[in-house]
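Engineer: Spelled out from the first residue to the last, the chains are:
Number of protein chains: 2
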Amino acid sequence: MSPAQTPKNLQRGWIIPIGGGDRKVRSSPILQRLVELSGGADARMVIIPTASQLETAGQRTADVFKELGVTNIEILDIETRADCENPEILEKLDAATGVFMTGGNQLRLATTIGGTSAAKSLRAGNARGVHIAGTSAGAAFVCEHMIAIGKSGGTPKRGMASLAPGLGLTNRVIVDQHFRERDRLGRLMTALAYNPFATGIGVDEDTAAFIGPDDVIEVFGSGGLTIVDPSEIEFSSMADTNMGAPVGLIGVKLHILLAGDRYDLNTRKAFPIGSE
Amino acid sequence: MSPAQTPKNLQRGWIIPIGGGDRKVRSSPILQRLVELSGGADARMVIIPTASQLETAGQRTADVFKELGVTNIEILDIETRADCENPEILEKLDAATGVFMTGGNQLRLATTIGGTSAAKSLRAGNARGVHIAGTSAGAAFVCEHMIAIGKSGGTPKRGMASLAPGLGLTNRVIVDQHFRERDRLGRLMTALAYNPFATGIGVDEDTAAFIGPDDVIEVFGSGGLTIVDPSEIEFSSMADTNMGAPVGLIGVKLHILLAGDRYDLNTRKAFPIGSE
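These protein sequence lines are chains A and B, in that order.
The first sequence begins at 1 in UniProt numbering and counts up by one.
The second sequence begins at 1 in UniProt numbering and counts up by one.
Keep in mind the hints are simulated off the structure, nothing from the lab.
All C-beta atoms in this analysis are idealised placements derived from N, C-alpha and C, irrespective of residue type, glycine included.
Among these hints, one or two may not hold up.
[To be verified] From the structure, some residues in chain B lie toward chain A, with a derived Cβ separation under 10 Å: (1) Ile-149; (2) Ser-152; (3) Gly-154; (4) Thr-155; (5) Arg-158; (6) Gly-168; (7) Asn-171; (8) Pro-230; (9) Ser-231.
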């Protein structure tokens, strides 16, 4: 479940967690940018509505893609693990240049798609250049270490975040979504404090982190992207704390980035808009 | 945090989760086999007692290694994240042919070592051939997806297992330890049900899963190794279940293996002792 290997002479596709807030996202530059990356009017867009239980979830995004000039749009009817082995569905998935996963429940994505041929197709596709976006639950699912369940609040507490394996397109970041709106700094810090190797990305609604093939993030949308860098944590009381009790953490670094700002996951450096 | 890449012409070292039960392990063939793999009398054994808060934890294992004829034994004094950047400690770690991590609390290992130079050394070492064993907490820590916290019982329940990123020597398995002794089938099934891509390994006390460079497991010791194969799960109610409620799972495959039996993680096939 680590990222699939990128074939020689190819570039990994962009990985695009979006913070949710569907109404706002529909008219924002986020989906437009996704379509441009995926080939503009020639894009072959695939929508995976599995996280949601609303029949309309995929159609709403398809309508936006249509408005943006895309004609080749498929909403995949993936409800069960057997669907993930259906040759017709896999063919459409293999042909995509861009993928969008709707919001809903990230455990529905992981339990339905995890370990199936559809997961392999998505992982291999991204490794050879297919761009994969997800909003809300879809955003959480792109990660190797996915926040599956959690509680609100600013202070990290032991057990506040439950992790599960996600799709595993990247293991460099742990994503949390509806970030400012649902007060999730505590649970993102908790998730990182278990093992401070990854970088935390808290994505506000109508905001997206476009993670490039070079692992540099570009921010799009109207909200903020909160970067939580635990690499310089000197002390953490996580191991010696009871369930539900606050966790002491010394040395967490935080950045709040807005549209146009960038963050390099390799060097852990942030760049305000317009800087080199 | 996916496994480090094995350099050309080299073989990954063995990964050896042990199920705990220190008193029994001391006189069992498990540590003997670890020493043989690591070079016998020429082995350079390193002990990491970080998971434990008992001062004697490392010394007891060192005594066993000594009895087995090893003269080059280092107990590394890793208590803080700063220790994981100490050049003297890193030098000893880089020189090891075999590593043993004691039991205690796996979150102490993850919070102290995760993301540090010591973690990089262990991961790169294993990739180029260093054998890494861990008992109890040390066994949990070898995985990419580590069971950090959990409850006892046979029925899987949502939230029964909390995962955290581990050392990440392998992402093919999720290990649980003291398996039969602490009634942990439920929590291992829960951990796998979040995303059924990995294979579950429940390791009884005084029992070890020797995971070879070819990802074939050999069982050693007096207890059982429970293999939980979720790859054929057709249905799971995990995504639609409330916290603490039982999870319905259809299609889990189980194997109970004993000393001498083998399991191939690539083909998901089990081989009784003596078979080809």
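Engineer: What hint numbers does the structure not satisfy?
Structural biologist: The structure conflicts with hints 2, 3 and 4, although it agrees with all the remaining ones.
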